[in-house]
Amino acid sequence: MDGKHDRWAGRLGVILAVAGSAIGFGNFLRFPGLAAQYGGGAFMIAYFCAFLLLGVPLSWLEWSIGRRGGALGGHSCSGIFYLLTRSRVWKYLGVLGILAPLGVAFYYVYLESWTLGYAYHCLVGDLNLGSSDAFGQFFNTFTGAAEDGAAFRLRESGVLLCFIISLGLNLYLLYRGVSRGIEWFCKVSMPVLLVTALVILLRVLTLGTPDATHPERSVEHGLGYMWNPDKTELQVRSEEGSWQTVEMLPPDAGEAEQTALRQRIAAEYPGREMRVRHVSLLQGLMNPDLWFYAAGQIFFSLSVGFGTVLCYASYVRRRENIALSSLTANAANECVEVGVAGMMIVPAAVSFLGVAAAAGAGTFGLGFNVLPQVFAAMPGGQFIGALFFILLFLAAVTSSLSQVQPSIAFMEEMWGISRRQSVVVITLIVLVGCSLVIWFTEGLLALDVLDFWMGQVSLYTLSILYIILCRFVLGTDRCMAELNRGEGFRLPPGTRFVLQWVTPGIMLLITVAWLYKNIFEETCPQIRALLEGRPGAVIPVCWVLCTALVFLMMAHTSKRFHATGKRRLSER
Numbered sequence: 001m002d003g004k005h006d007r008w009a010g011r012l013g014v015i016l017a018v019a020g021s022a023i024g025f026g027n028f029l030r031f032p033g034l035a036a037q038y039g040g041g042a043f044m045i046a047y048f049c050a051f052l053l054l055g056v057p058l059s060w061l062e063w064s065i066g067r068r069g070g071a072l073g074g075h076s077c078s079g080i081f082y083l084l085t086r087s088r089v090w091k092y093l094g095v096l097g098i099l100a101p102l103g104v105a106f107y108y109v110y111l112e113s114w115t116l117g118y119a120y121h122c123l124v125g126d127l128n129l130g131s132s133d134a135f136g137q138f139f140n141t142f143t144g145a146a147e148d149g150a151a152f153r154l155r156e157s158g159v160l161l162c163f164i165i166s167l168g169l170n171l172y173l174l175y176r177g178v179s180r181g182i183e184w185f186c187k188v189s190m191p192v193l194l195v196t197a198l199v200i201l202l203r204v205l206t207l208g209t210p211d212a213t214h215p216e217r218s219v220e221h222g223l224g225y226m227w228n229p230d231k232t233e234l235q236v237r238s239e240e241g242s243w244q245t246v247e248m249l250p251p252d253a254g255e256a257e258q259t260a261l262r263q264r265i266a267a268e269y270p271g272r273e274m275r276v277r278h279v280s281l282l283q284g285l286m287n288p289d290l291w292f293y294a295a296g297q298i299f300f301s302l303s304v305g306f307g308t309v310l311c312y313a314s315y316v317r318r319r320e321n322i323a324l325s326s327l328t329a330n331a332a333n334e335c336v337e338v339g340v341a342g343m344m345i346v347p348a349a350v351s352f353l354g355v356a357a358a359a360g361a362g363t364f365g366l367g368f369n370v371l372p373q374v375f376a377a378m379p380g381g382q383f384i385g386a387l388f389f390i391l392l393f394l395a396a397v398t399s400s401l402s403q404v405q406p407s408i409a410f411m412e413e414m415w416g417i418s419r420r421q422s423v424v425v426i427t428l429i430v431l432v433g434c435s436l437v438i439w440f441t442e443g444l445l446a447l448d449v450l451d452f453w454m455g456q457v458s459l460y461t462l463s464i465l466y467i468i469l470c471r472f473v474l475g476t477d478r479c480m481a482e483l484n485r486g487e488g489f490r491l492p493p494g495t496r497f498v499l500q501w502v503t504p505g506i507m508l509l510i511t512v513a514w515l516y517k518n519i520f521e522e523t524c525p526q527i528r529a530l531l532e533g534r535p536g537a538v539i540p541v542c543w544v545l546c547t548a549l550v551f552l553m554m555a556h557t558s559k560r561f562h563a564t565g566k567r568r569l570s571e572r
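Counting in my numbering, the sequence shown runs from 1 upward without gaps.
It should be emphasised that the hints constitute simulated quantities derived from the structure, not laboratory data. Glycine included, every Cβ here is placed at the ideal spot set by N, Cα and C. Don't take each hint at face value.
[Unchecked claim] Derived CB-CB ranges, DEER-like: (1) 496 - 88: 24 to 34 Å; (2) 481 - 523: 40 to 50 Å; (3) 89 - 339: 38 to 48 Å; (4) 481 - 164: 42 to 52 Å; (5) 491 - 264: 53 to 63 Å.
Construct the complete structure from the given sequences, taking the supplied hints into account.
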């Protein structure tokens, strides 16, 4: 199907596709990891504030820009920016909205292969390991994290075969187009994903207290750790001298239970100084890192600033109410992230391994080291674990489809080539990018560096471009008129003030804080790796830059698109 004439078959399809682009590793791994790391209650308040004041408004802006540009004939960020501004500068800036999601796809498809491999190994019983070190060793061997090139050793790893399957599925669905490929898969996979998640959630919530010798490790206390604003923590001093939270005192614990817990902690950490620390809600909210990461999670989770929602919105018919579609997709994402993923993963990790393991695991550690230990200790965990990683795989595929579609639309409209030709070209670009990530796996350096530049820096930059475009080029009133087009939902009072002042102000504060923290206060590891000339950082970034040059050349030489753009603008 010619991508220039492709459309969503209905509102449900675009809502599921946009929700699918957002639902992925950010929901099931990153959000539970951050909620556990920052103690739950205070983080949840910062998270919902960021959702209401940043996530929803920026999502509305992206939908309005995308649909308005789609009405003029644009379906890529570069094309839409040009059609709306008549400026070649904006057309070149829009290339970032093509490059960023494609750069994320370079490592995201590789992460998909992890979930496919872990689902298989759970099902056949290979993950019934005995210790934390054994699970860590399995992860390093399977992903090739021990040294560069280890992932290509098929007898040891097997991740390469899983990658080929994942990439093949993505390309097949992209080749079929928006309605027959992406929309069809999202309509099938999203209900399956939701049912699978609910089955696992019900199993977790009925666990009770798995180990009677650790009464503080229960589902009830896991939920309390996630939601209670005030907490009483047991901490021990580390060898470096900092205090580390190892358990949480249950609010209803009696004196005898508290004494027994202190004695058990003293036995587990002999010779370490121990203290009881009460953390109030106000103390939690005073942590600047908490607000920074809560806002970052909203961006990552809702796919705001990736250019994918912009592309999807350009295929929406003018009679549809996009404000309602945006809100529905965001609400679906939040229900899955908070109501399912958070309620499932944090209580499970706390119930089996305690607060210390849950809070200190991090994104990949929680998903691929901690949770396999939970499944191994859980009755029926072999099947539940396989279900969980299949769920992650489905969620990841819906996200990776949205990451590649903008670049396909870009090639179709810039050079007027067919979908088959554009899929072939993008396949070659993605294959080289993924191969570099899979080769430079020592310490997962290439993955980490690309995630920093494509999944964080580009995200903030593109969101700022959206704000500038709506605030100073198109005008806030014109964007609001686009959002209010169609029957049904109307923007609530005060939306104009939020779009014009509140959201840009918060974005400015976040950007300044981010620059200060990662550049001026201390050079972050990803920038330091580039400055040191490490091949695992430099070579993948060079490939991204080469891809950017190709896209810029296509935008510059697109005579056909210039002619089309002038004609459509005269009709506006």
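So, going through the hints one by one against the coordinates:
1. 496 - 88: 24 to 34 Å: This hint holds: roughly 30 Å between Cβ atoms.
2. 481 - 523: 40 to 50 Å: Since residue 481 and residue 523 have Cβ atoms about 45 Å apart, the given range 40 to 50 Å holds.
3. 89 - 339: 38 to 48 Å: holds (43 Å)
4. 481 - 164: 42 to 52 Å: holds (47 Å)
5. 491 - 264: 53 to 63 Å: holds (55 Å)
Of the numbered hints given earlier, the model fails none.
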